[in-house]
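Engineer: Sequences and hints are given; from them, build the entire structure.
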Amino acid sequence: MKIIDISNHNPVQDATKVKNAGYAGVICKATEGKTYIDPTFQTNVAKLSQAGMLFGTYHFARPDNNQPEDEATNYYRQIASISTKLPPILDIEVNCNLGKDALTNWILRFIAAMKKLTGKDCIIYTYTSYLNSKLDYSKLQNYNFWIADYGSKEPTIPHIMWQYTDKENVPGIGICDCSIANDDLSIRKGGESVDWIKQLQQELNQVLGLNLAVDGIIGPATTSAIKLFQTKAGLTADGVYGPATADALAKALQNLNKLAQNTQTAPQIKKTLLKTLTIKIYSDGTYEIN
Numbered sequence: 528m529k530i531i532d533i534s535n536h537n538p539v540q541d542a543t544k545v546k547n548a549g550y551a552g553v554i555c556k557a558t559e560g561k562t563y564i565d566p567t568f569q570t571n572v573a574k575l576s577q578a579g580m581l582f583g584t585y586h587f588a589r590p591d592n593n594q595p596e597d598e599a600t601n602y603y604r605q606i607a608s609i610s611t612k613l614p615p616i617l618d619i620e621v622n623c624n625l626g627k628d629a630l631t632n633w634i635l636r637f638i639a640a641m642k643k644l645t646g647k648d649c650i651i652y653t654y655t656s657y658l659n660s661k662l663d664y665s666k667l668q669n670y671n672f673w674i675a676d677y678g679s680k681e682p683t684i685p686h687i688m689w690q691y692t693d694k695e696n697v698p699g700i701g702i703c704d705c706s707i708a709n710d711d712l713s714i715r716k717g718g719e720s721v722d723w724i725k726q727l728q729q730e731l732n733q734v735l736g737l738n739l740a741v742d743g744i745i746g747p748a749t750t751s752a753i754k755l756f757q758t759k760a761g762l763t764a765d766g767v768y769g770p771a772t773a774d775a776l777a778k779a780l781q782n783l784n785k786l787a788q789n790t791q792t793a794p795q796i797k798k799t800l801l802k803t804l805t806i807k808i809y810s811d812g813t814y815e816i817n
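According to my numbering, the sequence shown is numbered sequentially starting from 528.
Just so you know, the hints here were simulated from the structure itself, not pulled from any lab data.
Here a beta-carbon is modelled for each residue, glycine too, at the ideal position from N, C-alpha and C.
One thing to keep in mind: the hints can contain errors.
What the hints assert, rightly or not - Using 16 Å as the maximum straight-line C-alpha spacing, the simulated EDC-like pairs for lysine to aspartate or glutamate come out as follows:
#1 Lys612 with Asp648
#2 Lys612 with Asp710
#3 Lys666 with Asp648
#4 Lys643 with Asp597
#5 Lys627 with Asp663
#6 Lys642 with Asp710
Stated by the list, open to error - With beta-carbon atoms standing in for the labels, derived distance ranges:
#7 Asp628 with Gln726: 42 to 50 Å
#8 Lys647 with Lys627: 24 to 32 Å
#9 Lys627 with Ser576: 38 to 46 Å
#10 Lys680 with Leu786: 30 to 38 Å
Structural biologist: Written out as structure tokens, the structure is:
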């Protein structure tokens, strides 16, 4: 599933549009340092809750000048009255004067403080390069990680979410970060190209006559194409590539291959399949069926 994260720089405008575009959840910035409160936090949470969307919260750490317990208190005060299925999240990414051991211990103290306040362990958000150079992973490996890495391969560090871009164009919000996670937020182990997504994009192009970018990323356009195929196949158009959709797509490809064995050319096959259907997919991932 796809989860986006936001702050006052890109607040929620229309949560229903976000939900209808196929995004499973939104993680909202709550606080920063020991005093800052995101001015859009409460409004963002209210809009997402009203739309029935999964949402979570995060705290942006400023470890240079603050005690972790003070920052945890600031964070907790803002989220104490909010009900969410996701645990608290610590965003640690700024350069600071603390060495690797001191910074790692700062994180452990923050997590311990939040555990005392909420009863839950924090998810740790950071970049692959930051984790490798600034932190002692051996002391943190028992916690769940949310890793930011904008390459074409998923990080090899075990993680529950992979933030793969900071340029996702989300209806109802605009440009923001986007991550991939398993539906149950179970541990992912990357390191390999997302070839199955590229294959899916190629198959959708073949069956529907589209021109999706074969980039291995399930963005809004690919999600819209999945919904489009599901609609045509008589399935629930939820944008999720599950077993039923995979089975229907495999059958559609089989039928396409059978047609290809006849005397029709490839353009004629596409015309036969799509002669009663006009499809328009726009740059923001929305589509029309006429």
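Engineer: Hint by hint, which ones does the structure fall short of?
Structural biologist: Hint 6 contradicted; others consistent.
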